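*Asks:* What follows is each chain in one-letter form.
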Amino acid sequence: MLHGHETDWEVGERKIADLAAPGEGTDWLEEPHFSPDGMSVAAVAKLSDDTCTVRVNGEDWPTAFEKVWHVRFSPDGRLTALVQQDGEWTLAVDGEPWENTFEFVWNPLFSADGAHIALCVQSGARYGLAVDDTPWETLFANANNATLSPDGRRTAAAVQTEPLGQAEIEKFEAGVFSAAVDAEPWSRNFVNVWSLAFSPDSARLAAEVRTAPRECTIAVDGAPWARTYASVWEPRFSPDGKSVVAPVRQGGGWILARDGQKFWDASYVQLWHQMFSPDGKRIAAIVCPRFGRWTMAVDDRPWKETFDVVTDAAFSPDGARLAAAAARDGRWTVLVDGHAWGRSFERVWPPVFSPDGRHVAALVEEDGRRRLALDGNVLSQARGDVLGFAFSPDGAKILSTCLDGGACIRRVERLGNGRG
Amino acid sequence: MHDVYQFVSGPLAWAAFGLFVGGSLYRIAAMILLARRKDVQVFEYMSLRYALRSILHWSVPFMSVNMRQRPVMTVVTFLFHLCLILSPLFVLGHVVMFDTSFGFSWPALPDQLADAMTLVVVAACLFFLGRRLSLAEAQYVTSFSDYAILALVAAPFITGFLAYHQFLDYQLMLVLHIVSGEAMLVAIPFTRLSHMLFAPFTRAYIGSEFGAVRHARDW
Amino acid sequence: MYSNGSTMTREPVQDDGLALGLARLTPERIAATTQAFLKEETGARLQVYLDTCVHCGLCSEACHYYLSHDKDPSYSPVGKVNQTILQLVKKNGRVSPEFIGQAARVAYTECNLCRRCSMYCPFGIDIAYMVGLVRRLCFKLGVTPKYLQDTVNSHSATLNQMWVREDEWIDSLQWQEGEARDEVPGLRIPLEKEGAEIMYSVIGPEPKFRTQLIYQAAVIMHAAGADWTMPATPGWDNSDMAMYSGDYELMGRLKRAHFETAMRLKVKRIVMGECGHAFRSIHDVGNRWLGWRDRPIPVIHAVQYYHELLTSGKIRIAKKYDEAVTFHDPCNIVRGMGLGDMGREVAKALTPELVEMHPNREHNYCCCAGGGVINCGPPFRNTRVSGNKIKAEQLAATGVKTVIAPCHNCHGGLEDIIHHYKLDMKIKFLGDLIYECMEKPWE
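Chains as they are written, first to last, in the numbering used here: chain A, 1 to 420; chain B, 1001 to 1219; chain C, 2001 to 2443.
I should point out that these hints are in silico values taken from the structure, not numbers from a laboratory.
Where hints are given, some of them may not hold.
DSS-like cross-link-like pairs, simulated, lysine-lysine; straight-line CA separation at most 30 angstroms [to be verified]:
hint	chain 1	residue 1	chain 2	residue 2
1	C	K2314	C	K2440
2	B	K1038	C	K2091
3	C	K2268	A	K15
4	A	K171	C	K2208
5	C	K2071	C	K2401
All values reported here derive from a predicted model rather than from experimental measurement.
Just need the whole structure built from these sequences, with the hints factored in.
*Replies:* Structure below.
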């Protein structure tokens, strides 16, 4: 994902790297990943001596590894990859592996500012997380649903706190899972724990829990809501951290509940991905008001226009506007404030608002090529496939990264007045 | 006996037709409303093309595999339903009765043919009875109501046949014929005979699911 | 004379899951749960089906259990309805725990939900739907077979069927990639490749027991030059035993994870391995539970994908398999998607001769493993094997030594049947034969 801040916004285009020819001693280069400012591009390089490394802007990391996968830039621009050395796995940051190694590592998680990195780890068939090269003190028989707090200082996962033998259904029903924050499990177990979410101040943790085989609810810091439901979906804290909202299923339909109480009145065929506007004043969710008809609802009021699928919803930074990707009859479009763009595409990536909220842009696929579309118009200058984009902080320019053949191109362009 | 005849062919007949028509409309409407509320998929996936495709394949003798596997049952079933519906509609006595009462008529079947069709219905009922008694897979799921319904269906045809040929007491047979006919009509919406009302819907739905969703045949 | 709703003789079976659930039941709880269930979760369909069924027994010949048990009517589809849902409705749930135990046994282990009987009922009554209702009620009563429930527990805890932990999944893929790379230089199993055309999804047993299938799929994808990926997160498993245990809430969770993983990776379509029930879950069951009329991302079964690769020339066949084969039609992709002819075209391209079983295509007999029955485990193995003598006869009559079955459950079921009835036959996936017979430009 590209970021708008601390970036060179001079209009123009430059070739960052060329991946077309791997070069002598390299068997192949894998898919490229751009840094948030678009100034670097990295890919796994498979070397002819049966080792792997990461190639950044044409330069290999000094160390080669047995295996490398999952190359990703942290939001602060550091380059990470999962690497194996001497049969042990760890995370390498800018070519430098962590000191701690594990039997397996996966799913690196980055704090919003990129300053902290967490990693799912397994050693000796015990599971947990490691943050900034420090593994949890206790590992568990299983850990999943890993999450990193917004400030990047705390980690949590659903953990199996007790051994479970083969087909021990009675024990499973009694509950062998809990949520652990920084390796410290909640005081009680549940049948299942899913969808962990930290509060914005990183102090509290909410999760979906199954308290009994047919009863689900939301637990906050281990304390379940007073009533249970047939099913629940992911909890979300309000921006002020004071309340938790979650979709709950009752009476054959889904409603939005807050802190264990009915919050929205309407019952939907489906309701999920609820999100607060940044100012916390509004809540939007992807909803299915009638079987097969999907749209967004804002504060329990669904938009009129419905689609076969709605996904990737996002508020504008000021919370005034809302956009999502939507499809009908296999063609995708962008839905903004209840109205679809006039054009449809083979695919649409998550729409993004400009900082001032006036523009919406999204990557779209047309005739097999990935392009950048702004407010319903495809920006036609682009060659090759656009891989990512970001608005400048003043909303006047747009940065995009493209792959044209093997050429990795960074482009900054001014948004036309006509579209302003 | 005349008063009884007047009653069963007058007010009772009106009541029976009323219950049949009203009951049928009510059941279909109630079912549609219930389905709209509880079984939205039925309407969502209904496809006219595949509904008709399925209905066609099951309305023509021997167009389905199961019909071909059981030729006797297939012949009997089709003849039974054909005669069951056509003979009461086109038997001369019924046509004349309508003409006398309401002043309109339609072509009638020759008496001998109608007679034969009546016997086909009765014979088919006997066949179904024999089947229920002798075939394990039918007997296993047969309850008293299944026999009662069979008797209910056979009764108007047996009594009609007896009345037409003036066997036994004509007046009594006539009254019994009318009463049993009315009983059968009333039973259609409220018993398992309601398959007459619902079969097109069940076929249309499964035909739509098989055809439009699962791209497969259902016959 | 058979008394209504009674059951014919069955050998007693000890299943700890059923026993555990039954021990907690009281007639009051059964009645209350059943009444609430009938009110909340059934409607016009059930009522019309029960009213419309004239108890003619014409569905009987459709059922392989019935045919395999010398036409014992308690195994007929309508007989199973009579022993279960009909009585529950008639008595408004006032039944004994013993009745529920028996109903659970009928619904979970004596019906594969193969839907063949719908093709034999003159009214097109969806009997599998009604048996599914019985399972749903049994789930609500907590009466589920032990091994099926354990599989469902795995689904709930890991979002896959086989208790595969997150790292084990990735490790299995990387292991198979490494193995395959020894044979095919440059081969990759691209993980988490956002924007790829295809997400390839499999069922839990593939990374656990049948890793060669992942190997083969990778070789086929490589040879076809496919732009594909596999997720390194939960959501990779397309299977769904919750659909069969009656835990529809969990089914929804599994399908949501699967589809949202594909949407996160922004693929154009999901290609799934040779599994039948997963296709059913994705194509017209789980998606509907979530409110999607169709699929939010198009999904095709391996049979369709192989057909596409062969007809487009992306994969070329270098040699034929060395003997004649027969083709088993899995219910969930043949009655469930009409892929019988497509499967045959692929099979014929790979083999010298295809000897048909009779009946075939939509009318083929079930493997007797599907519908979650094989997942009910050892206690009911004999139920499955003795319940499908007819399939053994059908297989034997072909006289060939290889049966192709493009479905995992069918493999498990046919394997047991072939073993039990001492048929000298091998079972193959289409992928096995493609891998064996295709042109390998790197060789």
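*Asks:* All hints are to be evaluated individually against the structure, with a verdict given for each.
*Replies:* Taking the hints in turn, this is what the structure says about them:
no.: 1; hint: K2314(C) x K2440(C); result: holds (12 angstroms)
no.: 2; hint: K1038(B) x K2091(C); result: holds (22 angstroms)
no.: 3; hint: K2268(C) x K15(A); result: holds (29 angstroms)
no.: 4; hint: K171(A) x K2208(C); result: holds (23 angstroms)
no.: 5; hint: K2071(C) x K2401(C); result: holds (29 angstroms)
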